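Order-wise, the sequence lines are chains G and C. First residue of the first sequence: 17, per my numbering; consecutive thereafter. First residue of the second sequence: 794, per my numbering; consecutive thereafter.
Don't read these hints as lab results, they were simulated from the structure. Nothing here was measured: the structure is a model prediction, and the numbers come from that model. A virtual CB, placed ideally from N, CA and C, is assigned to each residue, including glycine. Accuracy of the hints is not assured; some may be wrong.
Said to hold, decoys possible - For the chain C half of the interface with chain G, some residues (derived, Cβ under 7 Å), not all of them:
hint: 1; residue: VAL807
hint: 2; residue: ASN810
hint: 3; residue: ASN853
hint: 4; residue: GLY859
hint: 5; residue: ASN864
hint: 6; residue: ASN875
hint: 7; residue: VAL886
hint: 8; residue: GLY932
hint: 9; residue: PHE1248
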Amino acid sequence: MAEDNAGRIAERDGFIVTKGKNKKQLQCDTDSSAGCVSQRACVYCGARVVLNPITDAIHLVHGPIGCASYTWDIRGSLSSGAELYRNSFSTDLKEQDIIFGGAKRLNAAIDGLVEKYQAKLVFVYSTCIVGVIGDDLEAICTAASQKHNIEVIPVESSGFIGNKSAGYRAAGDALLRLIKPSEPIVKSNSINYLGDFNLAGEAWIIHNYLRQIGVELNVTFTGDSHYTALKSAPKAKLNIIQCAGSMLYLAGKMEELYQIPYIQISFLGIEDTAASLRKIAATLGEKSMIAKAEALIAKETARVEAIIKGYREKLQGKKAAIYVGGGFKAISLVKQFREIGIDVVMIGTQTGRKEEYETINNLVDDGTVILDDANPAELERFMMEKGAHLLVGGVKERPLAYKLGIAFIDHNHDRKHPLSGFEGAVNFAEEVYSTVCSPVWKSLSKSGIDRGVTNHG
Amino acid sequence: MAEKDKNHVHYRDVNENPCNMCMPMGGILALKGIEKSMVIVHGSQGCSTYMRRHIAEHFNEPVDVGSSSLNEKGTIYGGEKNLRQALDNIVKVYHPALIGIVTTCLAETIGEDIERITGQYLIDKEMEDFPIVTAATPGYGGSHFEGYFLTVKRVLMQLTAATKKNNKVNVIIPNMSPADIREIKRILELMKIEYVLCPDFSDTLDRPFSRPYTKMSDGGTKLVDIKEMGGGLATIQMGITLDDSISPGKYLKDEFGVPLYNLAIPIGVESTDVFINTLVEITGKTVPESLQKERGRLLDAMIDSHKYNFQGRCVIFGEPEMVYAVTKTCVENGVFPAVVATGSQGGKLNELVGLAVTDFLERSNLFIETDFAHILAASQDAKVNIGIGPSDGKYLTEKGGIPLVRLGFPIHDRVGGQRILSVGYTGTMMFLDRVTNTLLENKYKSYRSSMYEKFYQSS
Ligand code: SF4
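Isolated chain C, as found in the complex (with noise of 0.2 Å):
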């Protein structure tokens, strides 16, 4: 196999088991943050489906999702009838207040307009002012994560406008579960900050049970609040890893001068007290004493466990934001990470963990637009003993012996991908001790066994 191993970038002529997903899945995901919107992916069947399940499976919700179920005579004559059509049926039967067109591999390759097509479409249904937000994801052009952070901009782009300044801090969140989405929501609460959390799918796609069901749940980003994100007092963005060209914050910043804080997602001390830090900085108000005793307990936490933590030699993988985070997580708590990986194209990550990683007297080896077979290969060689990233890394554990500590997306294998809890002071002690507990236990299991074998049979 021709594989070059240049700058830590790992091409290959084949993917063996993919770390990523395409970028429409981004691209639902984040639209699917947005108040009672629908979304259409625009190409033939199978990509939105495929989506859904993945989407739906994580979640455990229902996640309806259009497609212009494009055939071969849409293909071959364009796809502007099928789409339209999509629109009528979508309009009709979900009653959306915003719908988003995310295109595949197909619609792009053949060359599909959609910002024409839906232009027209408005014009001629005399709905000029319906938003409809479009984002162009064909799946060679990026991983999900691109497709994610496009999408946001692209909302950004075509929903924002110029208004006069508010007090309001914008939030920009990456792909993270709706229990941190939540957290980051408490904490901006209990420190009594306005803010626009965008996008913000913790109760869309993690509802609580209610009669009667209605097929567009409540929650979302609201309109009227991406519209005034130009106005906003600052910017904070989870997306330290962000290349410039999909950065929701940047464009924000580059289009309506709003002052943009490009941080990591709060796991960890540190992270958690820049971002603590930040909002103090931005609006001056003051951290409360519940805060400061949950940071607190944290460090608590931290030194109950750092003495196990030290035997961890981790494989951290996933979506570079996320990776980053927990990257900077293990570091502050000795868990060396040995391996750091993902299949995206990872934008500043190389950088950043060379930044990070320098405490420790081995080197972490890095991989970005890296698959299984690769991240599997290199953890075996880096004696591994843990692995943090979502449930494709279950194939680290069958064919490797690695234990994991599930995070990130998507969780496929277990419940309540949507309820694990990692940032903030708090949910960073809850990922610690999953962490510590997963070492401990894999230590508990054979200790015995291994003693025996190391020192009796060999005496």
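The shape of chain G in the complex, shown without the other chains (with noise of 0.2 Å):
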């Protein structure tokens, strides 16, 4: 299209290569460039996302009240215990506090909600202005602490210092504190699962093999967590790493400070799964633990094949897009699209590392356009361009999708069915083939109202 070749705006021209073409490096990890319509959101909504699946804790929001209402319950996790984690609560600044400081409103509002619920932890979050006001969070929280005889950890998630991923390592510095021991730590043989967030209840179908290989789960950060169990993180003998986005800051922190040693998995897809399944048995190093999962991936590979084999044979030499907000999770997509038969002719995400789209370059065909921190004038130019069948994205990419008449896959944070492990590798084939082959499209593709009357029986 004429049009979309003269807007190109210069400045993204390092964030987008094709896979082949040219052998240039892409660039990433730095902020968004203005107007450029990002999809990214900030600093706080990083932390946010990472720290909201703590179920017994208060997530108290310090700012004014959009911040908050724009993340009520904004991930589908779920809990097996604490609901208090679904509500928003927000310090709701107005004018007067942004003149004359949000200090006491951020006091009150803490012993408020303390009295009201008896949480043994509560975290504060700064937003924009916070930051700009001056209110000294740090020392709040310290003498809240004091005074209430419970954890009250600041979140520095200001939201213009940085992008997601800055709130990602804002969410982990809080983690640690919440961690750090008191005592000196008894290790133990179980294992930590970092960065799953019990989306659909994800982790515990994760648990759940675990479980049936002998491997002890200590705590999951964060998805179906608690205070209790979050203090326990450092006895653990090993770190499982899922999102790696989000955790791989954290994960290098504890090894550091409780060396604890990391992999990382990834259970998306039955490649994957099955390899992460090895991956941990191998590393704990336990024979019976080998056999076991062997056993597990031989059957439940067995049985996931069957239904995906007639999936497959419908979407075979169908292309795809992706874009996601990490990039671990956009590699493991590329393998699971190829287990039912599809190729991926466009791949990008918002806050991916160097060492991931490397890892992506390497896997993706010749002429696959990679982008950083894209927006929807680029998405749909290369949708178009490569003559996507369906984009794999999150809320604000499906309408543009659908409006290209294009199939579309949610990969979001407030989605209802689980898409991890071989339960998850199901329910993607299931998914893709639904919109995918759904008739709609038949309907699109004839010329409409004008398109005559042969036979009405």
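Two chains, two frames, a set of hints: combine them into the complex.
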């Protein structure tokens, strides 16, 4: 489309490459360009989505109301116990507070909430203007902590101090404060599972597998987790990481501080799920575990492949576009699409890292477009150019795909069905089939009212 | 918790589950109703992304909104460079006919002078004729409701000129569904009335599927029409609760002498009658028979369901203007508005609700600037059996078992928020059916077991 080429933004050039065509390095991990309609959220959002699944914590947003409104119950994270995390508490700052400072209001808010809910843990998130008006979050939280004899942890997540990745880091720092032991650590034989937020019960699916192969799970960061469980994190002997974007920093710190090594795994798709189970068993090194893992993989793969085969036949040769939050998820998705006979022609992320983009580059076919921090105009252009049949992405991308007449897969925070593990692989194939092969596209391809009537029997 | 319940205003130190959004959100919605417009949210990246996500979920439409993506540097040294860059990029990719700039908390707190920046920008680029509408909408300055009307007013302040008199009726539209806006237009067209509807996002946020896709959709209030609103026959503003300071209709009256009719959103027989009678009064047109028939059908429907509705005790929440319209409609049908609530400042809602709810044996509880924790508690106290409002009211269903009739903005847990029709005689009829059927469903759901428990078990 001529209009699109003319409207290309030069400063975005470095963030887009075509595999095989140009040798240049993809740029990533920088701030979004102004006016480019980035799909990214902010630092606060990054921190909130990571910490929010902690079920028995008070999540208090210090700032004006909007930030809390837009993130209320933002994730489909499930809980086996407390429900406190599903509230959105805000100091709801008003003009007067901006002028005179929000400390008084914050103090009162913490007091009120702690009294009402008897929680052991409060996270206080800072939003954009808190950084500017200069409320001393640290001091207020420390004082509140002492006053109530519970943990009140500030999350330094002012919106403008970086992008979503900075929010992951802020969440990591808050978690590090939380898990800091007050007594010497007694090591156990268990492992921590990092970077699963228990969307639609995904962490439970993985717990089940681990239990079946004899791995003892200590705590999940942060899906269906709670104060006491998180406190025990340092005693684990291994960390496994699903969502690398949000958890790599924390894992690195835990290795440094508590000598817990980590490995990256992925439970998206049959191939990665199987490989991850093997990797965990091999790392822990127990013979019986390895055998049990193989047995589980064999049983589940056979079951799942039989189902997926039918879908693959229908989907063979279709082309997919990927635009998701993190790089690790994107990598797994390429493999997962291959399992069901689909090639990826466009792939991008909001916050992918250099190493992840290298892996992606090695994985995809020549001609695939790879892009960082894309915007709707670019997504549209490349999906059209590459003839994609479906897009996988989040809420904001869905209407664009539909308006283009393209199928869509939800890989967002509030989905209501699990996409992890063998169960998830089946759900994924089913969802791809249900959208790519929906009869609705047939109606769109006809010319409409003027298509004529040939036979009404 | 320090709570003072003065004049029904519910101040608190902590907001537990918000019943409102922030100002720039309303600004975006309003600007989406102007032809070929693009919006830039001046602030850090997150605000615009959140709002886009919320709007996209409600309307199921792509919602492209730019951000000046302020970072640390911009926050310390000023955001002028970022805002200029944002303007460059938006112009280049979207070729808009108008750009609206709304500010966020951050931009306002660091004191950005967007009018000066954009003025200079236009001079530097030799684009002096290009319309840029600016609105200062700090998130802490009010809710999305106030942001919406303030932005509409800013649109008029910056685009409307003194022109010669024309025959058009200006209609100022609040945040209602595209289906509602289309219904208003249908009524105006049935009555053969010339009009300017502002803002009009009935097409821009609910556009038909067509190929090829274009980044900018058709529709929206035309810039030439906005310009001529100063010469309109009269203004009908669906903004009866509005404070004068954010009233676009008041601006047209003060500035250009256009007579103002400030009406409730036409839901219910009376409010729709008032709307149509006002149109007759302004234009001298007659009411077509088909519209009379629609009215008759609505009356018929009201009779059919009046006894069921009398069992309704409802909680109504959302934006003040919609809340008032719904309250009036409930009153008209015997559904008792036990709790009436808004997270916004409320404007004249307080006194208006007082005037509307006088026929019942009990008094309604009205809360402004409130939150869902409070709404739930008040609803349970008042033994409410139905809720009417946007999706966040699902919390009332989940925690309090109160069934919800979804209406307003945002509807993010169901499809079709943009297609919910509630205005005019026909829309009211559909709304009433939804209310009555929800009451019936709820009653029948537990009828057998509750009677068994009540009378058999205890006998
Ligand atoms: S309240 Fe302020 S910082 Fe938060 S989303 Fe709204 S404008 Fe942005």
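Against the structure, the hints come out as follows:
no., hint, verdict
1, VAL807, "4 Å, holds"
2, ASN810, "6 Å, holds"
3, ASN853, "5 Å, holds"
4, GLY859, "5 Å, holds"
5, ASN864, "5 Å, holds"
6, ASN875, "4 Å, holds"
7, VAL886, "4 Å, holds"
8, GLY932, "4 Å, holds"
9, PHE1248, "35 Å, violated"
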